[in-house]
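Residue numbers (this note's numbering), protein chains in the order written: chain A, 884 to 1179; chain B, 884 to 1179; chain C, 884 to 1179; chain D, 884 to 1179.
Any copy, or any two copies together, can satisfy a pair, since identical chains are not distinguished.
List time: in silico DSS-like cross-link candidates among lysine-lysine, alpha-carbon distance up to 25 angstroms:
(1) 1163 / 1175
(2) 979 / 940
(3) 995 / 1092
(4) 1127 / 1163
(5) 1004 / 979
(6) 918 / 895
(7) 996 / 1131
In case anyone wonders, no lab produced these hints; they're calculated from the structure.
The model shown is predicted, which means the values in this text are computed figures rather than measured ones.
4 protein chains.
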Amino acid sequence: MKRIINLIYSMKIGFIGLGIMGSAMASNLLKSGHKLFVYNRTKEKAEELLKQGAVWKDSPATLAREIDVLFTMLEDPIAVESLALGTDGFLNEMKKGSIWVDSSTVNPSFSKKMSEKAIAKSIRFLDAPVSGSKVPAEKGELLFLVGGDKIVMEEVQPLFDLMGQNAVHIGDHGKGSAMKIMINQLLGQSMLAFSESLSLGMAMGLEKKMAMDFLLKTPVTAPILEVFRARIEDENYEPNFPLKHLQKDLHLFTDTAFELNKAVPLTNAAKEIYAQAKQKGMADMDFSSIFKFINE
Amino acid sequence: MKRIINLIYSMKIGFIGLGIMGSAMASNLLKSGHKLFVYNRTKEKAEELLKQGAVWKDSPATLAREIDVLFTMLEDPIAVESLALGTDGFLNEMKKGSIWVDSSTVNPSFSKKMSEKAIAKSIRFLDAPVSGSKVPAEKGELLFLVGGDKIVMEEVQPLFDLMGQNAVHIGDHGKGSAMKIMINQLLGQSMLAFSESLSLGMAMGLEKKMAMDFLLKTPVTAPILEVFRARIEDENYEPNFPLKHLQKDLHLFTDTAFELNKAVPLTNAAKEIYAQAKQKGMADMDFSSIFKFINE
Amino acid sequence: MKRIINLIYSMKIGFIGLGIMGSAMASNLLKSGHKLFVYNRTKEKAEELLKQGAVWKDSPATLAREIDVLFTMLEDPIAVESLALGTDGFLNEMKKGSIWVDSSTVNPSFSKKMSEKAIAKSIRFLDAPVSGSKVPAEKGELLFLVGGDKIVMEEVQPLFDLMGQNAVHIGDHGKGSAMKIMINQLLGQSMLAFSESLSLGMAMGLEKKMAMDFLLKTPVTAPILEVFRARIEDENYEPNFPLKHLQKDLHLFTDTAFELNKAVPLTNAAKEIYAQAKQKGMADMDFSSIFKFINE
Amino acid sequence: MKRIINLIYSMKIGFIGLGIMGSAMASNLLKSGHKLFVYNRTKEKAEELLKQGAVWKDSPATLAREIDVLFTMLEDPIAVESLALGTDGFLNEMKKGSIWVDSSTVNPSFSKKMSEKAIAKSIRFLDAPVSGSKVPAEKGELLFLVGGDKIVMEEVQPLFDLMGQNAVHIGDHGKGSAMKIMINQLLGQSMLAFSESLSLGMAMGLEKKMAMDFLLKTPVTAPILEVFRARIEDENYEPNFPLKHLQKDLHLFTDTAFELNKAVPLTNAAKEIYAQAKQKGMADMDFSSIFKFINE
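Take the sequences, apply the hints, and build the full model.
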């Protein structure tokens, strides 16, 4: 164990993708004394980290040459592919034997494809998307859902520990991504089903607060919804998890179902109701604003 | 309190509707020494209760003349209306001041209509549908969701206590029914969303038992689903809560939304997927068989 | 034939339900010299007909005592049931052997129920809903879809001829209503599918007018949509056929499917999208405004 | 005009993708005396054309070096991309100034991407998917929906004339593909809406043949459905247009809507009902078998 920790502390770490989630995660790595190289499409988002001691690199490729472990936390498969394989991409430049951990939420088939590209270059790959949003990311309380070789995961474990509460090995390449889209599908559906229930309850004459309190105590409601009680009560939809991102995750789920010749009619319906809300101007609100869309 | 209990013990109770739920509830009333008059469309279902001491009446009307409190536990609004107001119906024959508690799952608007019919005859009315299925009914652990006058509810409370763990006053007439259909909508949606998640998980290569265990532990899954783990794992769909009944409850929900000019697109989608399963021969299986419908 | 015409001209006709459609139909009966007795919930809507010579009756019951053939053209099953069987309802007062033609759009099961009520009173019944909206009604160019006894239909044929271009015998009681809801389901679906196609076409960069012209010429588009070209082009949604009525007809369709244990998932989805538009303030616009709902 | 015809007759043509549609189209080019080079992933499908005089090439790349105009008729964007840009792909090997006509059904955004790749190599590009299935392809009666430069289209017009009844210039790059997915969306929706209408009609007691005849005459039904009357009547679902291909086209439509931030809830519902039919074993039946899926 001590040996691994020493290994880790001598490792150089790269982080690409410094949005809300990525910068919080990178900051937690930095705080524990790791040497951290960072890159982001827009440099401004890196400023805070640079003040904390991170080292800026001008391209994914130049960053790649420096590091032993790379984390990516990007918006979607297109962004990952472009930064990995496009002009000045990192994959061609990483050292043999180094590790790429992709924490972006992507299709499992995309994770598998990336793992194959990595392996062809003798780079070790993990798909390790996270469950949790802004606040857990800041507190280092994320849950990593890991797909790939368990040995590689154990090597990265001390870094997962700095950013998260837990890291679970789900299975081989792509399985971390698989579990991630399953969880976000359940999240999106729970919120929407709850919104329809509450909204009709109000139309039937129930008082909003009483109805919410009652439903949130019953075992037919997902416990996570408790977190959103205040938002829905106050109709304050400052984004914690933007609606457009949840909608994109539902799209990844239905797209994967298409690839695998499975029908998922309820998820498709949910995806499209979120798409309607997105079209009606709610893309950047918190996804719990789906209540507002349903209710008004 | 003692006064009320004495009042109750001198009361004569009627029970109409002796299906799986109704006979278990009636049995719990009987066990505590109450005088119980019963009626059911098919007499065979009453045999067990008659052995336990219940008194058979040949029609709702003749039963109505004997009793102070009447419970009805029927399949749907049509059945309730027919036994209440049809030929030999009970409503015309109940004593002034007596109480009718309808525990059937019906639309709130129907409960309100029944309360008006009852009040016009100086009969006091509660809508008090129950949350819980066969086993809780047998153990006297149901949850009553009560709409109507709180004073009337308090009078009936000792009887609710015999049949249930709890009785909650939700609001005036129809509000008990309102909360009931909200809860069953959440139940139906949770099960279906979980089924799509698990089914795609398996198609993505996850092992069924591992995936179930993992999802059931996450806060995005409604805790009630734990109860159905064994059914889905073993694909044993002996009916506890038949799929056709859950589908009917979703229909009550969407029908009420139509009456109130509200759109509930996700619930409509869910209702119709259960309708497909019903059409494909699963009407009398447990509603958790929706997993089988989605997965195969 | 001549004999029947003479019979008809000696007949006294009643008309209940004088909305946009009903008053246009009644006017066509009146113009041909028939003696016409009318009733409507709000008397103002009858004024124009009274000037043309119609005779006002103060209740369905008093009207019923005068006439040999009664037409009803009401909003929904609840309205028909209330005027037929409620206080001062017409059914108890109609002469034995007289004919009731219900042209309202209702569920087939409701038409069957009404036919049974009528037959029990020795009154002959036809369900004869119409295909066509305001302008065809005024021009006497409606299509009657008739369910019931063919002999009875032949007797009424001269009156159908005054109001419509054609009357088709679809089958026994309820079959006219059956065909009506099938046709309106196709109408609603065509308009909505076309709206999604056109809207995405515009988002893909096609010019609206060109795309409409092209699609309307292809055989994958229902010819009736040509009628609505100008409305969608100019976004002028003055009601010809109000969206809430189309939505109600889709509800009759899905409700009938529920009664018959059939799943109709696409129609349910369509019904609920129109319900969303209704909720967002489009209830009284023409139903072609669903394009606006989808597109904005 | 004559000049162009001469030019065309001196042109060498390539054809890649010899499925049902592609081989019928290629055969029509061959019959008019053109020199035709062909390639297909499985050579057997080319045998008939080789007997008719076509010249086999062992790879897209070797074929590309020979020809002035290339037609591709492939299953989906992945197949097109792989044969164009993969190992031994054709795009790197085509002559400057030559023309690539992609008749595959693909997303408009993919067509635009291909046009950019082609233009970067000084190759001229048209997206020209076809409307029509097996029989029109054999008879040379297809409709080409063309996106790209009108001048280029005029140059290819004589070849379109050999394979089709008509070629319409819809707009610039991607617009042919746009119109194609709009038309197939309408086709899929019409068939499914009709199936639900007919199926419920039968459940309401209408005779199947009568109901079909009636509906097919009304203006609420898309005329193309007449073509499928016999299939549905006899429940003979030999594939003319396989259900899985229609389902894929609906997927291209909804995927494009996702790219453009548009919600298309009805099309998503339709797509997923076809996906259910696909999952239940109907992938290779004619798409009109959706009636069977709905009805049974």
